[in-house]
Amino acid sequence: MSIPALPVLPPRAARPAESPMFDVQRVRDDFPILRQKVRGKPLVYLDNAATSQKPRAVLDALQHYYAADNANVHRGVHLLSERATQDYEGARAKIRDFLNAADDREIVFVRGATEAINLVAQTYGRKNIREGDEVLITAMEHHSNIVPWQMLCEEKGAVLRVAPINDDGELLLDEFEKLLTPRTRIVSVVHVSNSLGTVNPVKRIVEMAHARGVPVLVDGAQSAPHLPINVRELGCDFFTFSGHKLFGPTGVGVLYGREALLEAMPPYQGGGDMIRTVSFEKTTYNGLPYKFEAGTPHIAGGIGLGAAVDYLQALDWEAVAAHEHDLLTYATAALSEVPGLRLIGTAREKAAVVSFVLEGVHPHDIGTILDQEGVAIRTGHHCTQPLMDRFGVPATARASFAFYNTREEIDALVRGIHKVREVFA
Amino acid sequence: MTGDLRELYNDMILEHAKSPRNYRALGEGSLHRDGHNPLCGDRVTVYVQLDGDVVKDVAFQGNGCAVSKASASIMTQALKGKTRAEAEELYTLFHDLLTGKLDPEADEERLGKLAAFKDVGKFPVRVKCATLAWHTLHAALHDEKKPVSTE
Numbered sequence: 001m002s003i004p005a006l007p008v009l010p011p012r013a014a015r016p017a018e019s020p021m022f023d024v025q026r027v028r029d030d031f032p033i034l035r036q037k038v039r040g041k042p043l044v045y046l047d048n049a050a051t052s053q054k055p056r057a058v059l060d061a062l063q064h065y066y067a068a069d070n071a072n073v074h075r076g077v078h079l080l081s082e083r084a085t086q087d088y089e090g091a092r093a094k095i096r097d098f099l100n101a102a103d104d105r106e107i108v109f110v111r112g113a114t115e116a117i118n119l120v121a122q123t124y125g126r127k128n129i130r131e132g133d134e135v136l137i138t139a140m141e142h143h144s145n146i147v148p149w150q151m152l153c154e155e156k157g158a159v160l161r162v163a164p165i166n167d168d169g170e171l172l173l174d175e176f177e178k179l180l181t182p183r184t185r186i187v188s189v190v191h192v193s194n195s196l197g198t199v200n201p202v203k204r205i206v207e208m209a210h211a212r213g214v215p216v217l218v219d220g221a222q223s224a225p226h227l228p229i230n231v232r233e234l235g236c237d238f239f240t241f242s243g244h245k246l247f248g249p250t251g252v253g254v255l256y257g258r259e260a261l262l263e264a265m266p267p268y269q270g271g272g273d274m275i276r277t278v279s280f281e282k283t284t285y286n287g288l289p290y291k292f293e294a295g296t297p298h299i300a301g302g303i304g305l306g307a308a309v310d311y312l313q314a315l316d317w318e319a320v321a322a323h324e325h326d327l328l329t330y331a332t333a334a335l336s337e338v339p340g341l342r343l344i345g346t347a348r349e350k351a352a353v354v355s356f357v358l359e360g361v362h363p364h365d366i367g368t369i370l371d372q373e374g375v376a377i378r379t380g381h382h383c384t385q386p387l388m389d390r391f392g393v394p395a396t397a398r399a400s401f402a403f404y405n406t407r408e409e410i411d412a413l414v415r416g417i418h419k420v421r422e423v424f425a
Numbered sequence: 001m002t003g004d005l006r007e008l009y010n011d012m013i014l015e016h017a018k019s020p021r022n023y024r025a026l027g028e029g030s031l032h033r034d035g036h037n038p039l040c041g042d043r044v045t046v047y048v049q050l051d052g053d054v055v056k057d058v059a060f061q062g063n064g065c066a067v068s069k070a071s072a073s074i075m076t077q078a079l080k081g082k083t084r085a086e087a088e089e090l091y092t093l094f095h096d097l098l099t100g101k102l103d104p105e106a107d108e109e110r111l112g113k114l115a116a117f118k119d120v121g122k123f124p125v126r127v128k129c130a131t132l133a134w135h136t137l138h139a140a141l142h143d144e145k146k147p148v149s150t151e
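Those sequence lines, one after another, are chains A and B. Quick note: the first sequence uses my numbering, first residue 1, plus one each step. Quick note: the second sequence uses my numbering, first residue 1, plus one each step.
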């Protein structure tokens, strides 16, 4: 599949700081969905932390697979199966490269970050965690990094420990370190908070945990779309992300695991593809990563995710990072000027996410009024109810940006918020 | 405000959202139930004081959007002095209004202030906001033990 050539951007130092040289219109043209009006207004899509939009390259890859190559993988002797297998395994290699993992065997396709965490809890966790043991997470976890561990702890009589955060939404590293005890069996921590935008110092966290022999899972659902990921540099033992937040299809995601750990883990689900031999007396399991991929996988999804990774790899990531940082700075400044608006999540290290509450107005009402203006944001608890409790709010409004967003769209958001204030004046 | 928004956020709804009526707890001997909308985190507690078969007092407390607060507030006004059977009738009427099974103009008299919610159905994701208090009331009157959820 051919990937459209993208302009090579000059190095960051050559650009004036106030106007990063990122050709946002050029990337917007790659996303057909953005060219529409909703409720009579141009679509302003600021809900990227919920799911991101898909570039044409991903749509084309999905279409091509179903139109030309559709066949089951890993078993057919015919040509279509060979092509499907090649593209599906090719996608795995692209993802290995994207994460800088050591081997394709360390890349397990799953349904999404949620399934990846459940997989680790149900295999590594069930094997290694016993009564009285501890699992350590943070106060800013998504429900998907709370509930699987709670279920495991309940089953095993283990204890879920939660590292606290400060009022800016930053992890208290000293407190975190104190919670690493001789009973801690695994640390599972979010890389970038979906509700607050906080970027956690995961490399430091990994060092602290590894010093005590504790493995670390990093939930990268929100980091992989915004930060360059290098699992070997981070040193983490597991890394998870969802395809649909990474400009790829829904229903597919990735679990990266260090080979030695994956080897030692029991299988997750049983079925086809994950076995080597089956008899009614005994089954022997397939090697990595297939041991964890029972049943026909989401072949199109994997191939589409590979196309998304290709698309991202062709972007100038320094320029992307500068552009997203500009959006965050611009939005933070603009929103801070709105009377009665309070930002929730003001960490020093932040991804391009702004969560806020408006005095006297419930976030749900903000969302409905903004929608009438064509501005799509998320309102609610963002699957982080304990975090909402921590900040004493039932919900927030959240605008989350991607590299295809613009300052003009943030202006539309702010105009919409002023409209909300008029309605509730 | 655009036409559509004005239909949802009409004066009646905005006014009740800002100054909800009967926003308090009722004491001993009252029925009460908690309702929860997991989608947006809205929570409401509805209290009903019955005198025989008649709703002597009704009140609510909770945290929610303008639509859910206004709905709870107007509900408490509509219910006071009604019999259980009449309250049930209003519950059905309100439900029918929001699900488009009712002509709000033909039923204007029966609806009274509830007519303020006649356009909420045009905002499908907001229907649950309007019905949360009513579902919770329904459970309180039926003494259903399990907490009410809109999901």
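What the hints contain is simulated information worked out from the structure, not anything from laboratory work. Note that this is a predicted model, so its numbers are computed, not measured. Check the hints yourself; a few may be wrong.
Calculated cross-link-like contacts (lysine-lysine; reagent style DSSO-like; alpha-carbon spacing at most 30 Å) [as the list claims (entries may be wrong)]:
no., chain 1, residue 1, chain 2, residue 2
1, B, K118, B, K82
2, B, K82, A, K419
3, B, K56, A, K419
4, B, K82, A, K41
Here are a few chain A residues that face chain B, going by a calculated C-beta distance under 10 Å [to be verified]:
no., residue
5, H64
6, A68
7, A71
8, N72
9, L179
10, L180
11, D371
12, H381
We treat Cβ as the ideally placed atom computed from N, Cα and C, and that holds for glycine.
Against the structure, the hints come out as follows:
1. About 22 Å separates the Cα atoms of K118 of chain B and K82 of chain B, which keeps this hinted pair within 30 Å; it holds.
2. A distance of roughly 39 Å separates the Cα atoms of K82 of chain B and K419 of chain A; the hinted pair therefore is violated under the 30 Å criterion.
3. Note on K56 of chain B and K419 of chain A: the hinted pairing is violated, with a Cα-Cα distance of about 40 Å set against a maximum of 30 Å.
4. Under the criterion of a C-alpha separation no larger than 30 Å, the hint pairing K82 of chain B with K41 of chain A is inconsistent with the structure, at around 46 Å.
5. Residue-level restraint check for H64 of chain A is violated (minimum Cβ-Cβ distance to chain B is 35 Å; threshold 10 Å).
6. At its closest, the beta carbon of A68 of chain A sits 39 Å from a beta carbon of chain B; the interface hint therefore is violated under the 10 Å criterion.
7. Contact between A71 of chain A and chain B, as hinted, is not supported at the beta carbon level, the nearest pair being about 39 Å apart and thus beyond 10 Å.
8. About 36 Å separates the beta-carbon of N72 of chain A from the nearest beta-carbon of chain B, more than 10 Å, and the hint is not met.
9. For L179 of chain A, the suggested interface contact is broken, since its CB lies about 28 Å from the closest CB of chain B, more than 10 Å.
10. For L180 of chain A, the interface hint is violated, the least distance from its beta-carbon to any beta-carbon of chain B being 32 Å, above 10 Å.
11. Given hint, D371 of chain A at the interface with chain B, holds; its Cβ is 9 Å from that chain's nearest Cβ, closer than 10 Å.
12. Here the hint on H381 of chain A is kept, as its CB sits about 5 Å from the closest CB of chain B, short of 10 Å.
The structure fails to meet hints 2, 3, 4, 5, 6, 7, 8, 9, 10 from the earlier list, while all remaining hints are met.
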